[in-house]
Amino acid sequence: GQQLNQSPQSMFIQEGEDVSMNCTSSSIFNTWLWYKQDPGEGPVLLIALYKAGELTSNGRLTAQFGITRKDSFLNISASIPSDVGIYFCAGPNAGGTSYGKLTFGQGTILTVHP
Amino acid sequence: NAGVMQNPRHLVRRRGQEARLRCSPMKGHSHVYWYRQLPEEGLKFMVYLQKENIIDESGMPKERFSAEFPKEGPSILRIQQVVRGDSAAYFCASSPQGASTNEQFFGPGTRLTVL
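Each protein sequence line maps, in turn, to chains V and B.
Counting from 1, position 76 in the first sequence corresponds to residue 61 in our numbering; the numbering is continuous, with no gaps.
Counting from 1, position 5 in the second sequence corresponds to residue 16 in our numbering; the numbering is continuous, with no gaps.
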C-alpha cells in the first residue's frame, strides 16, 4: 500500500523559531493535506494543496506541493506555545485519482519551549 | 455550524463485549469515513460510507467489525467481541456530497479501552 514518510519524527524548539517539516512518498500524489492534532482531539485541517509547485499560506503556516508531486513541505514561522501538537501529512489513495480514503504519515511531534 | 460529532468520547469495555461508536457528520455532508489511530501512530483508514451504502471497506477487519450509515441517524461503527488489541482512538471524518476535493473534516474521536 501507499506510504507517506514524514520527517523529522519530533522537534524541540524555542518559542519564536521557525519550523520546517516534510513528507515524501514513493508514488505521485495529486493532493496534499496537512493536519494538526492536539492531545485528546481529532486532526484539524490546516492547509490543502492541489497543484504541483503550489505554495499556500494560512497565517504563520506555509505549505508547498513539491514539483515532483512526491513530496510536500510545511513551514511554521515565529512559533508560539500553542503550535505544540502532532502534524500529519495526508493524501488520497491511489495517487489522488479517487476520492475516499486518506493515507496519513506517521506524524511530526512539535514541542515549543517558552 | 456544528462540526463532526462523535460519542461517546471515551468507552471502556471488557473483553468479549460489544462496542458501538457513533458519528454525526457535519451538516450537509453525506460522506463518512472511519479511521483508527494506535498510540504514537498516524491514522489508518477503515471504511468509507455514503448514506445507506458502503463504498470502501478495504481497511476494516473482516471479522467482528461492521459499519453502517443509515438514511436517518448517525453512522455507527460496531465492534463485536472486543479484544485488547482493539484499544485505540477511532475517528470519524466527513465530506460534502459531490466533493471535488479530498478534504475531510474530523471529529474529536472515541477512545476505546478494552480491559
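Since the hints were derived computationally from the structure, they do not count as laboratory data.
These numbers were taken from a predicted model, which means no experiment stands behind them.
Virtual Cβ for every residue (Gly too), placed ideally from N, Cα, C.
Among these hints, one or two may not hold up.
Unchecked claim - To give an idea of the chain B side of the interface with chain V (calculated C-beta under 8 angstroms), a few residues:
| no. | residue |
| --- | --- |
| 1 | 59 |
| 2 | 63 |
| 3 | 76 |
| 4 | 113 |
| 5 | 115 |
Results of checking the hints against the structure:
1. 59: With Cβ-Cβ at 5 angstroms, under 8 angstroms, it holds.
2. 63: Where the cut-off is 8 angstroms and the nearest Cβ of chain V is about 17 angstroms from residue 63 of chain B, the hint is violated.
3. 76: 15 angstroms, violated
4. 113: Result: holds, 4 angstroms to nearest chain V Cβ.
5. 115: The hint holds - residue 115 of chain B has a Cβ within 8 angstroms of chain V, the shortest such distance being about 6 angstroms.
Going through the hint list in order, the structure does not satisfy hints 2, 3.
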